[in-house]
Amino acid sequence: MPGTKEIRTKIASVKSTQKITKAMEMVAASKMRRAQERMRLARPYADKIRVVIGHLNQAHPDYKHPFLVEREPKSIGVIVVSTDRGLCGALNTNVFKSTLMLMREWQGKGAKLNFCLLGTKSVGFFRRLGVPILASMTGIGDRPHVKDLLGSVKVMLDAYRDGTIDRLFIVNAEFVNTMTQKPAVTQLLPVQTLDGDDLQERWDYIYEPNAAEILDGVLMRYIESQVYRGAVESVACEMSARMVAMKAASDNAGKLIGDLQLVYNKARQAAITKELAEIVGGAAAV
Amino acid sequence: MAADSTIHCDIVSAEGEIFSGPAKMVFVPAMQGEIGIAPRHAPLLTMIKSGEVRVQTADGQEQFFFVGGGALEVQPKKVTVLADTAVRAKDMDEAAALEAKQRAEEALKGNIDKIEQAEALAELARAAAQLKMIQKLRKIKG
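Chains G and X are the protein sequences, given in the same order.
Position 6 of the first sequence, counting from 1, maps to 6 under the numbering used here, and the rest follow consecutively.
Position 61 of the second sequence, counting from 1, maps to 61 under the numbering used here, and the rest follow consecutively.
Where hints are given, some of them may not hold.
What the hints assert, rightly or not - Okay, the calculated beta carbon distance ranges per label pair:
#, chain 1, residue 1, chain 2, residue 2, range
1, X, Q61, G, D47, 47 to 53 Å
2, G, K97, X, L121, 50 to 56 Å
3, X, L121, G, M179, 44 to 50 Å
4, X, P76, G, Y63, 57 to 63 Å
5, G, N177, X, P76, 38 to 44 Å
6, G, K19, X, K139, 56 to 62 Å
7, X, M133, G, N177, 53 to 59 Å
8, G, D47, X, L121, 30 to 36 Å
9, X, Q61, G, S16, 57 to 63 Å
10, X, L121, G, N210, 57 to 63 Å
11, G, N177, X, D4, 39 to 45 Å
12, X, E17, G, D142, 46 to 52 Å
13, G, K74, X, K139, 57 to 63 Å
14, X, F66, G, M39, 38 to 44 Å
Calculated directly from the structure, the hints in this document are not laboratory data.
All residues carry an ideal CB built from backbone N, CA and C; glycine is no exception.
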């Protein structure tokens with residue numbers, strides 16, 4: 001049986017760990033609320049630009065932008081969105097797992113893969129794997145800005161334009177609800193046919209200055225908004241995953257403290273009994 | 001005929017909705033000069049420059065918004081301004097791309113001066129546009 005002092009120290013240490021996990025849980029909870037709000041704010045733009053592209057698809061069938069044309073996939077680009085920090089359960093592991101599955105699938109078809117990594121965790125993971133990395137971006141923070149993501153996205157779009165990659169995917173954690181996050185793989189390029197709404201007659205836009213340039217601008221913004229959405233969603237997932245993980249850790253710490261307290265009480269009782277027996281024994285000897 | 005005398009106007013950016021509601025007239029700094037959009041405008045698609053978007057709301061008031069560029073879609077009953085949150089000059093995008101590449105290679109050699117210059121220029125352009133708008137607002141108030 002360990003000494004009472006050791007158990008006491010152990011209890012104190014678990015208690016201080018519990019304090020930290022509890023604090024992290026609360027911080028994550030408040031950050032999660034804000035992240036969810038940002039996710040909600042990003043929705044109108046994504047919806048509107050989707051509608052515009054839907055219109056475009058219907059309105060102008062004779063000009064085909066490279067982003068809309070299907071090519072034979074010889075090389076694949078993947079944007080992986082992960083978190084910057086750990087302690088958020090299996091979130092990143094799940095994202096990497098589905099990335100690896102995607103990787104295996106395309107390697108099976110004889111395609112090469114190129115990566116664009118957002119977040120410290122993915123950079124660490126894929127660097128160890130030794131796969132070709134075209135661009136990376138770390139330190140996204142709790143509030144991702146479109147501005148910060150543009151550089152990395154442009155690298156991938158340029159790679160698509162010059163034929164280095166023939167298809168572009170994004171893998172990120174998808175926010176289902178506070179308790180559930182699941183990895184999602186979405187194809188960004190070529191842009192998959194979007195269903196337009198009820199504009200039945202034939203019509204066309206007035207393009208200023210010309211269709212090609214505008215299509216380029218709008219499609220680029222569309223991809224960027226998708227990547228931004230991925231990043232924002234990933235932050236919301238990170239926060240809720242961390243909240244849940246830290247709650248579990250705090251609960252476990254509580255249980256551990258309870259068990260240790262029991263052992264401690266037993267040890268203390270045993271020590272007292274032993275001492276008493278010794279005193280009685282000593283008195284009897286005299 | 002209230003529905004015919006107004007046009008629904010949405011101004012959104014990737015990081016949030018800026019304005020949504022009926023308008024009598026919308027003025028937008030399009031790529032080839034400022035344009036005014038009245039209800040039942042022909043379908044139009046164009047890019048916009050950084051500057052101010054003016055919305056005449058249904059009750060005759062004017063509202064100003066600063067946008068750093070973006071895209072504009074016009075349908076007969078609807079105007080959608082897809083505003084960029086970031087100021088994007090061509091150099092700026094180039095610089096950001098360069099930066100991302102460099103980070104990937106983890107070899108930052110030279111070129112920093114160019115990036116800084118592009119950043120400063122874009123910052124300057126934005127500041128100038130904002131200043132112009134502030135001055136305009138002042139004139140209206142004063």
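We went through each hint and held it up to the structure:
1. X:Q61 with G:D47: 47 to 53 Å: 27 Å, violated
2. G:K97 with X:L121: 50 to 56 Å: 44 Å, violated
3. X:L121 with G:M179: 44 to 50 Å: The hinted range 44 to 50 Å holds for L121 (chain X) and M179 (chain G), with Cβ atoms some 48 Å apart.
4. X:P76 with G:Y63: 57 to 63 Å: 23 Å, violated
5. G:N177 with X:P76: 38 to 44 Å: Given a distance of about 40 Å, which is inside 38 to 44 Å, the answer is holds.
6. G:K19 with X:K139: 56 to 62 Å: 58 Å, holds
7. X:M133 with G:N177: 53 to 59 Å: 42 Å, violated
8. G:D47 with X:L121: 30 to 36 Å: 33 Å, holds
9. X:Q61 with G:S16: 57 to 63 Å: For Q61 (chain X) and S16 (chain G) the Cβ distance comes to about 58 Å; the hint holds.
10. X:L121 with G:N210: 57 to 63 Å: Given about 27 Å between the Cβ atoms, the range is violated.
11. G:N177 with X:D4: 39 to 45 Å: 43 Å, holds
12. X:E17 with G:D142: 46 to 52 Å: 21 Å, violated
13. G:K74 with X:K139: 57 to 63 Å: Once the Cβ atoms are compared, 59 Å apart, the range 57 to 63 Å for K139 (chain X) and K74 (chain G) holds.
14. X:F66 with G:M39: 38 to 44 Å: Given about 24 Å between the Cβ atoms, the range is violated.
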